[in-house]
Structures are given as structure tokens and as C-alpha cells.
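Protein chains: 2
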Amino acid sequence: MMDVITSKDNSKVKYLASLHDARTARREGVVFVEGVRSCEDALGCGVVPTVVVADEAHADWAKKISEETGCDALLLNDVCFKKISQTVHPQGVALVAKRPEMSGEITLRGDNKDIFMCLEDIQDPGNLGTMIRTADAFGLTAVIISPTTCDPYNDKVIRATMGSVWHIPIVRKTMDECFEYFTKTGTETLAMHLKGNELNVNELSLPCAYFIGNEGDGLTDETTAKCSKFVKIPMKGQAESLNAAVAASVIGYELSKLI
Amino acid sequence: MMDVITSKDNSKVKYLASLHDARTARREGVVFVEGVRSCEDALGCGVVPTVVVADEAHADWAKKISEETGCDALLLNDVCFKKISQTVHPQGVALVAKRPEMSGEITLRGDNKDIFMCLEDIQDPGNLGTMIRTADAFGLTAVIISPTTCDPYNDKVIRATMGSVWHIPIVRKTMDECFEYFTKTGTETLAMHLKGNELNVNELSLPCAYFIGNEGDGLTDETTAKCSKFVKIPMKGQAESLNAAVAASVIGYELSKLI
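Chain order of the listed sequences is A and B.
One point on numbering: in my numbering, the residue at position 216 of the first sequence is 216, and numbering is uninterrupted.
One point on numbering: in my numbering, the residue at position 25 of the second sequence is 25, and numbering is uninterrupted.
In case anyone wonders, no lab produced these hints; they're calculated from the structure.
Among the hints, erroneous ones may be present.
It does not matter which identical chain is meant; a pair holds if it fits inside one copy or across any two.
[Unchecked claim] Straight-line Cα separation of at most 27 Å, BS3-like style, residue types lysine-lysine; simulated pairs: (1) 156 <-> 236; (2) 257 <-> 229; (3) 82 <-> 113; (4) 173 <-> 12; (5) 232 <-> 184; (6) 113 <-> 257; (7) 113 <-> 173; (8) 236 <-> 113; (9) 257 <-> 236; (10) 232 <-> 257; (11) 8 <-> 64; (12) 232 <-> 113; (13) 257 <-> 195; (14) 236 <-> 173.
Being a predicted model, the structure only gives us computed values, none of them experimental.
Go ahead and model the full structure; you've got the sequences and the hints to work with.
Here's what the structure looks like:
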């Protein structure tokens, strides 16, 4: 039987609550995952928690995960769980795991059919999560994010990826590092740009990297200028542009036909 | 020079604040639109406000819109504006307009190339807004929403549509009414379903209606069974499914190639 922590001043509670701050979580090298579905996704993908956290109603869950993975388990009363929770309606389960490395080498497919989704300055966690989920669904090689793109290991992003954040490599690189890498590997670079030619998958080839810019401002001129091709998604209606995650998905879908 | 309302107990302030409640807004037959971008989108699409509301910093804006459209203008101090605002960081501008009719007849294109996006029980306002934006971008004829789909004239949905909520017809129908209408008009009905055949636009024809289900549960069995074809989006990667708005966008994009 585990002890239940009942004091909001407990040092472990304070530590977990401090992870609300994205910079603290990054500095500590950890990811805070919350909610039944997100925790199950992470565990199902082989994520080994350093600690699982539960309210009293989920004590059995915490015990089970702790026994299966050898991690520590913490039981909190409702007041303490609410303090460490990052959601409005806490579900009573959370875990902390080591933050995946985002500076590693990219492992290529080996058949020269790699597709890279490159995101410059994406700010909305829901959009970023949806894009990661899409990239995973369509079999892309990796998602590359610029230094100013929001943290992919933020709880909202993790939730929107529905587990994909643990499947597909996510690499943080400057746009200059990207172009250097793509030049070296003979990878075509596509700028998604409203002034580009209409997307026609028959005119494209793999390996290919496509660049999607900030939700409000699109790609920077610098990044656009460095791409070898400009394409836009044909739109026969009135809206001037698509949601960034939708644009990233449509082009990812078309390119995946070439795999 | 307009008077500035400074009392939170003012009846107009209370009325505007009451519109936070979606049912109240529906019962009153109005839409509450907030923020610079959303208000400009609405006005740019010819929406005539019944009243514009601004904080003192945006008095000139309110005066201008009031003069241009003949609507009333209300100036509120910051405390009162915060009370009527539905956002965490109010931008100081809002408007109220007559709620568009959602029970009208659908106007067809006339060339038999109609595409309908039919949404059953979509719950996330951001998803619904993104879908409406996509339907407008790809030139679809209308978005049809089930009775349990969230309110398209909720402020979050309006924001996510980036103005498209004012461009494309949005009609609320039961799924039974949909199938009756599509049978009558000879419209092919497509269920987006993970057990369907892989999407191939060459096997599809217009007019066509495609059905997208709830974010967690997908389409109901009843609706799926009534569709004439089942299709799924080919996914070569690991994720088991796509975000509902992404799925709706990919199929909408493919079908729009047939227009």
C-alpha cells in the first residue's frame, strides 16, 4: 500500500507542478504526460516513465505500471493532483519520462524515398500535434522543426498527436542546417507558397522535403528563396488559404503516393 | 462623442455577457463575434452587425463601423469589456449580428458537380472551424452538420474558419434528411471509414457527399450502413487514423479535382 501525499508543499508535488513551465521541463530534460489516453499511448509505444502519478481513484493503475516498468509511483490526493495537473479537468493519471533527444542524426529509409515535413515557426500546439500525427500516418521519415516552433513535448501537442509523437523522429534544426543537409543528400526542397505552381504529384520526386510556415505569416522570404520549387495547393473556392496543418497534410498525402 | 459604459450592472453589458452561453445566443438568434481579425472577416463578407462593441482604445473603430453600417455602437471601459469578452486576452472589439439561417434550401451549382461535406457529431470547435475553412477553400457546395455537431457560430469556430463561416452555406440536417436529399438528387454518398477501400479519385464521381464522424468514435454504424461507398485514406505509416479535419480535407481536396 502506497502512502498518499496530502500536502501541496511536499517537495515532489512542487517539482511536478514546476513542470507546468515548459522551460523548466526542458531544463530538467523531462516530458510531463497527462490523461488516460496520452499515458496509454506513451506506454504502448515503449516509453519508460521515471515516475507515474495518480490520484487515489487510480492507485491500481499506478501500481500496475510501476510493477511493469520498475518506475516509481506517487499517489496524490485530489488537491495535490489538481496542483500538478496541466488540464482544466484532470483525469487523475500522469507520468514523467525522459525527454526524447531532438538533435540526433536522421535515419533514412534506405530506398531514397524519404519525405521530410519541415516546420518553420509553427506556434499552435494543436496544429503541431496534428502535423506530427499526419506525418506518422503517411509514413514520412521525420518532422523537422525550426528553433522557434513550439515545443513538441508540451502536453497539448502530445495529446493532439494521439501517440505519434513517440513513433516518428522529431528533429530540431535551423533552416540553414536543413538546407545544408538536403543539399548533401540530394533532397528536393518544396516551399508551400501561395505564389507557387499548382501542386501536381507527377512533377515531384523523392527524396523530398517540404516547408510549411507560421500560421499567420507563412514561410519567411529567406526560407522560401532557398527552396528549389514553389508549390501551392489548388483551391477552387473562396478561402484564400488553408489551415497550416491541413496544408501540411494535403501535400504529405500527395507525396506519400510516391513511396 | 459616445458615452462610455462603466457599470458591469448595465443592462446592455449584462445582455452581451449572457451571450457567453451558447444556448442563450441561439435563443436570441444572434452571433457574438470577437477580435480584430474575426470582426474584419465578418464585415468584409457583408455581415451587418446589430451592434458593435469596443473598449475606449477602439472608439474610432466602433464609430467608423457604426457610420458605415448604420448599426448601434457601444463603448465599454476595460472592466466591462472584460466581462462581455469570451477570450482570455480581449482585443477590445466585438460585434453582434443576426444568426444565419441553417435550415434553408441548398443552392446547387447547376453543373452537377456538387460536393457536400457531411459532419456527424463533430465536437471540437477548432476541428469544425478548420473543416468549414477547407470546404470553402476547395469550392464545396455546402457543409451539412448533424444535430449533435457543435454550434458553427460559436466564437472559437468562427475564429478557426478565418471568415469562411460567412462564405459557404452551413446547413443543419439529421442524417436521415441528408440521405433522403442525396437519394433524390442522385448524389453518391461516401463513408470515410477505416474499413473502406483506399481512396482513388478515379473511382469517384460527382455529385458526391462524404461523411465524417465524431473525433473519437468515427461515423455511427447507422450512417455508415446508409452510404453507397466506403473509402479510407491510404496511410503508409504507423498512426491508425487521422485527425477528423485532416481526413475531411484530404478527401475534399481529392474530390475537388473532379470539379
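Quick rundown of the hints versus the structure:
no. : hint        : result
1   : 156 <-> 236 : between (33 Å within a copy, 25 Å between copies)
2   : 257 <-> 229 : both (19 Å within a copy, 22 Å between copies)
3   : 82 <-> 113  : neither (47 Å within a copy, 53 Å between copies)
4   : 173 <-> 12  : neither (34 Å within a copy, 52 Å between copies)
5   : 232 <-> 184 : within (26 Å within a copy, 37 Å between copies)
6   : 113 <-> 257 : both (11 Å within a copy, 25 Å between copies)
7   : 113 <-> 173 : within (21 Å within a copy, 44 Å between copies)
8   : 236 <-> 113 : between (30 Å within a copy, 12 Å between copies)
9   : 257 <-> 236 : both (22 Å within a copy, 9 Å between copies)
10  : 232 <-> 257 : both (17 Å within a copy, 14 Å between copies)
11  : 8 <-> 64    : within (25 Å within a copy, 52 Å between copies)
12  : 232 <-> 113 : both (22 Å within a copy, 23 Å between copies)
13  : 257 <-> 195 : both (24 Å within a copy, 19 Å between copies)
14  : 236 <-> 173 : between (35 Å within a copy, 25 Å between copies)
Comparing the model with each earlier hint shows violations of hints 3, 4; every other hint is respected.
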